[in-house]
Every structure is written in C-alpha cells, then in structure tokens.
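*Asks:* Kindly produce the complete structure, drawing on both the sequences and the hints.
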Amino acid sequence: MTVVRISDDALALACGADAVAAAFAAAGCTVERVSSWGMHWLEPLAEIDGNGFGPLDPSDVPAVLSGTSPKAIGRIEDHPFIARQQRFTFERAGRTRPLSLEDYAATGGWKGLEKARLLGPDATIAEVTASGLRGRGGAGFPAGIKWTTVAKAPAAQKYIVCNADEGDSATFADRMVMEGDPFMLIEGMAIAGLSVGATRGYVYIRSEYPHAIAKMQAAIRASAHLVAPFALEVRVGAGAYVCGEETSLLNSLEGKRGEVRAKPPLPALEGLFGQPTVVNNVLTLAAVPWILANGGAAYADVGFGRSRGTMPIQIAGNVKHGGLFEVGFGITLGELVNDIGGGTASGRPVRAVQVGGPLGAYHPPSDFHLPFDYESFAAADGLIGHAGLTVFDESADMSAQARFAMSFCAAESCGKCTPCRIGSTRGVELIDRIRARGGRAADKVETLPQMHNARKAARTLPDEVTLLEDLCETMKFGSLCALGGFTPYPVLSALRHWPEDFGVEPSVQEAAE
Amino acid sequence: MERLDQIIAAHAGTAGPLLPILHDVQAEFGHVSEDAIRAIAAALNLSRADVYGVVSFYHDFHEAPEPRPVLKLCRAEACQARGVEALAAALPMQDRVKVETVYCLGLCSVGPNAMVGTTLHARLDSARLNALVEQMA
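Chains as they are written, first to last, in our numbering: chain D, 1 to 513; chain P, 1 to 137.
Keep in mind the hints are simulated off the structure, nothing from the lab.
Some clues are possibly wrong.
What the hints assert, rightly or not - Just some of the chain D residues that point at chain P, by a computed CB distance under 10 Å:
| id | residue |
| --- | --- |
| 1 | Glu43 |
| 2 | Gly322 |
| 3 | Gly357 |
All C-beta atoms, glycine included, are put in the ideal place defined by N, C-alpha and C.
*Replies:* Structure representation (structure tokens):
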C-alpha cells in the first residue's frame with residue numbers, strides 16, 4: 001500500500017492539507033502526518049517514497065497516484081531549497097511524526113540529554129558555552145553565560161522559562177519547532193534544567209498558536225517520564241505582543257499585567273516569582289540537544305564572526321519561495337531574497353526587505369551584500385532579531401510602513417515608560433502630517449506667553465522630519481525595552497533610504513542628520 | 001456562578017493562576033464580567049482593581065460578550081506585503097461578522113491569513129475572504 005506523508009503543521013492545515021490527506025486516504029493510501037519541510041509555497045506537499053508533489057489540492061490526487069502529475073518536484077531532499085541548507089535544529093523537519101516518541105528516539109532524540117546526564121551540570125554548560133550559542137530571540141546574548149549565572153545563584157527553586165511568544169511578523173520558526181519537533185524543545189529545556197539546577201519549566205506560548213499549544217501539551221504528557229524529575233507546563237499568552245519581552249513575560253506568567261520590569265535585577269538572579277530563572281527563546285533551547293549530542297565545537301565550526309552555528313531564517317512576505325531556511329551565519333541578504341526566495345511573488349522588483357520583525361529596519365536592495373550576522377546588521381543600523389525577512393515589492397509606500405511601525409508600538413506598548421507609550425502616538429500624528437506634506441503652525445497652547453520653551457514659528461516639512469528624528473532618538477535611548485527602543489529602526493530606515501516617500505529630498509534629509 | 005467557582009477551584013494548586021483562570025472564564029462565558037472579577041479577586045486575595053487591570057491589559061479578555069461570530073484577520077507586515085490592506089478595506093457584512101485585527105498568525109509566507117475559532121485560512125484573496133465572511137454571517 002502506498003504511504004503518503006503530509007504535514008499537519010498549522011501552515012499546511014491553513015493551505016488545505018487535511019482535505020488533501022482525506023483524498024489520499026479515500027484513494028486507499030496510508031497517510032502519515034509528519035512535520036513540515038518548510039517549503040511553504042509548495043504546501044500542501046505530499047511525499048511518496050521520498051518524492052514530493054505540491055502544492056496540491058484534492059483534485060490533484062489521481063494524477064499524483066498515476067504518476068502523471070505536473071506538480072511533481074522530484075526527490076524532496078535534492079530540491080535546491082533543501083539541499084542548500086545546513087539543518088541542525090530542523091534536521092528532522094519533514095521526516096518525522098511530531099508526536100511519535102518512536103520516531104524521535106530513532107532519529108537521535110534524547111542523545112543530548114543522555115550526554116548531559118553523563119557529563120554533569122558544569123561540563124554541560126561548558127559545552128553550551130563552547131558552542132558559542134547566542135540567544136535566538138533577538139538580543140543575541142550568549143546562552144552559556146546566562147546559564148552560568150543561574151547555576152551559580154543559590155536558591156531552593158529555579159526555573160527554566162521558554163519564550164514561545166513569537167509575535168514578530170515574518171517569524172514562524174518557533175511555531176514550526178513546537179508543531180514539528182516538540183520533543184526536541186522538551187529535551188533542550190530538560191538539559192537546561194539539569195545544568196542550572198531547575199526542576200520546573202514553563203513554555204509560554206502565544207494564544208494565536210492553538211495548534212502549537214495542543215502539540216506541546218500532548219508532547220509534555222507523553223515525555224514526562226523521560227525528563228523527570230524535571231516537570232514542564234504550558235502557559236498561554238493572551239494577545240499581548242509585549243509579553244515576548246522577557247520581564248513582561250515573567251509578569252504575565254505570575255498573573256500580572258504584562259508590564260516590563262526595570263533591569264537590574266536580571267531575571268537570571270531574580271526572575272519568575274523572584275527566583276533565578278533562565279529565559280530562553282524556543283530556538284535557543286531547541287539548539288541545545290544537537291550541541292550536546294554532537295559537541296559544542298562542531299556547532300561553533302559553522303558560522304561567521306562572533307555569530308556561531310546556524311540560524312533558522314524565515315523568508316516571508318511578498319516572496320516567491322517563502323519558508324524556513326536554516327543555514328550557517330554569513331549568507332548574504334541578497335542570496336536569501338533573490339537566489340533562495342526567488343524574488344517577489346508578484347514578479348515586480350524588490351523595494352524593501354524588513355529584517356527582524358516589526359522592530360527591525362527596512363533594507364533597500366543596496367544592502368543585499370550584507371552578511372547575515374548580528375554584528376554586520378548592527379553596523380548597518382539594523383538588526384537580525386529572530387531572523388524573519390519580510391519582502392516588499394515596489395508598490396510598498398515606505399512612509400505608510402513607518403507610520404505602521406509607530407501605530408503598532410502605540411497599540412502594543414505596555415504603558416510603563418513614557419517614550420514608548422506617548423512617543424509612539426505622537427509619532428503616528430507626526431508621520432500623518434508629514435504624509436499630508438503640510439507642515440504645521442504653532443497651535444493655541446504653544447503660542448501662550450507662559451509656554452516659554454514652545455516653538456512659536458511654523459514648522460515646515462523638513463522641520464517636521466527633523467522632529468521625527470528627534471522623537472526617534474528619544475524613544476531609542478529613553479525606552480525601557482526593545483518595543484519603544486527599536487521602533488525607531490523601521491521608522492528611521494524608511495526615512496533614510498526612501499526620503500522621497502516622505503516628500504523630502506535626499507539632500508535635505510542628509511543635511512538634517 | 002457555580003461554573004465560575006469550579007473554574008477557580010480547578011486552578012487552586014497552580015502557581016500564578018490568574019491568566020489560566022481568565023482564559024477559562026473567557027472561553028466559558030465569552031467575556032469576563034464584573035461579577036466574575038469580583039469572585040476571582042476574592043478567591044485569589046487580590047483587589048478588584050488588580051484583576052480588572054489584568055483583564056483590561058490583554059487583548060484576549062473582553063469585558064462584554066461579542067454577539068457576532070469573530071474572524072481574526074492578520075494585518076501585520078508580512079500580510080501587508082501580500083496585500084491584506086486592500087482586502088480589509090473592502091470587507092462585506094461588517095455588521096454581522098466581527099473582524100478583529102491580529103498581529104501575526106505565524107503563516108507569513110502564505111498570507112493574507114485569517115483564523116476563525118482555531119481554523120486557519122491562508123492565501124486569501126478578496127473572493128475567498130468575502131466568501132468566508134458571508135458564510136459566517
């Protein structure tokens with residue numbers, strides 16, 4: 001009997017995988033539901049004896065089974081999109097059934113945890129430190145150093161918190177780990193627990209990911225005996241983007257408003273319920289089993305500069321071949337967008353690529369030489385964040401995108417600090433005036449005699465642009481966390497690279513800088 | 001109120017129980033009422049202001065029930081790049097179906113996307129999205 005493998009990842013389901021699976025079953029095939037290969041433009045993708053067919057709808061099934069389907073893509077693992085990758089974290093993607101303990105163990109699962117139990121806490125942390133693994137949530141803080149801090153902190157109870165509040169647009173790697181390979185995340189958390197002396201772990205998953213929540217809960221139940229005495233629990237977010245910030249997430253876990261905490265104290269010393277806590281992103285923890293099983297040195301062998309190992313890059317937006325592409329740091333932005341992503345889905349020229357989610361900068365094609373690495377993007381006034389790329393074609397209006405960045409910050413601000421709470425709203429108003437090309441006269445209050453410091457002269461459009469730059473400066477350096485602090489990245493990058501969309505000449509803009 | 005007491009009791013042993021309780025209350029009753037806030041505050045030894053502060057902070061908790069079926073439409077950058085704004089501007093039946101904006105469903109390579117309950121819809125164009133909304137109305 002023919003065995004057909006189809007993903008049950010949320011993205012495949014959204015593209016109609018269940019109906020395709022049902023059609024194969026009705027045709028007498030055995031259908032296995034596996035994780036996704038990450039070639040999203042081909043979903044729903046069916047695999048028969050290693051050969052792929054996609055994107056399918058139920059009417060394609062007879063042709064696939066008779067060998068006449070024009071949607072055949074050949075052997076999946078030889079497909080250039082897969083063959084060019086270097087998959088460490090996603091080595092099981094597309095190959096295993098997500099909730100099968102048998103599949104997990106047969107593909108090297110639990111080897112990292114066994115090794116950690118053999119090595120003991122200190123040597124385990126030493127492996128993670130040697131791997132050069134940096135926090136994959138965006139900040140890029142070395143995982144080994146964070147773990148060492150927690151391990152050395154004396155406390156009766158410590159916690160491992162997995163940040164699965166993947167709210168950035170263009171990111172879905174965390175979701176794919178939880179839905180496609182949940183035991184790997186559990187293993188990584190158990191290794192972290194063993195290393196720092198924590199017996200409890202929480203996975204904080206955003207409520208927009210119901211499928212990931214269900215898979216993680218099932219996986220935690222199925223593997224509880226394998227990771228004991230480490231005990232895990234899923235907690236569900238409630239639609240607040242800011243809860244992806246680690247201290248806000250901890251407050252939310254404690255049952256409070258998701259307001260950001262001032263640091264210090266560091267969560268590593270006073271985190272969840274005031275106890276020493278490791279807060280790591282899904283991808284950070286999911287990289288750990290591979291590192292333990294293969295050695296930190298093998299991981300550190302791959303990479304670029306101070307960015308070691310691989311990064312699961314998420315290619316999204318208006319792109320022809322979107323999906324998950326895991327590769328060693330150092331690949332250029334242009335290769336990702338043009339060679340791998342195939343350019344825009346609309347076929348029009350690329351105008352901008354936003355790297356790192358809603359708080360990341362917009363890059364023009366003239367930045368396509370940039371190697372994908374934390375330091376190179378920082379040097380180009382950008383960031384790689386959680387490694388999501390959103391491609392825009394030439395129809396994008398960059399002042400509208402800058403306005404959206406401000407309005408997003410206003411909608412999602414936790415309200416604790418003024419630059420973010422008020423600055424974002426003033427930013428929206430200011431960009432609206434710039435978009436109207438108006439300029440502005442001093443208003444009634446500003447002209448009052450007692451308003452000594454208020455400007456009395458009318459503001460021209462270039463004045464308004466300068467004011468926007470000032471506002472961004474205040475938000476960047478005055479905000480408590482990355483939400484207010486990084487919103488200036490998309491705004492200023494849009495202004496710098498596409499001044500014509502703001503009605504200013506490039507020369508005026510440069511003079512203002 | 002009996003059901004409310006059961007929900008609160010079910011989380012008795014939970015560390016940081018407020019969000020799990022509020023999720024269950026929202027799922028059961030479709031909103032978190034003032035009476036519910038009062039009962040939860042009393043059970044957890046919090047002030048009503050504390051509980052109200054949490055309810056009002058999170059987008060998922062509502063103080064009043066929503067009579068219309070809800071469609072969550074992603075309008076974040078990746079879906080914008082794939083044209084969601086044009087679709088959102090021309091939605092039919094807004095009086096019969098509540099269209100809520102969400103920022104990201106994590107399907108960013110196949111947008112525009114929407115979610116109804118826990119069912120996801122990808123690769124929406126105006127015909128498919130409008131048909132979905134009309135079918136819900």
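*Asks:* Run every hint past the structure and note whether it holds.
*Replies:* Hint-by-hint comparison with the structure:
| no. | hint | result |
| --- | --- | --- |
| 1 | Glu43 | holds, 7 Å |
| 2 | Gly322 | holds, 3 Å |
| 3 | Gly357 | holds, 8 Å |
In summary, this structure violates none of the numbered hints.
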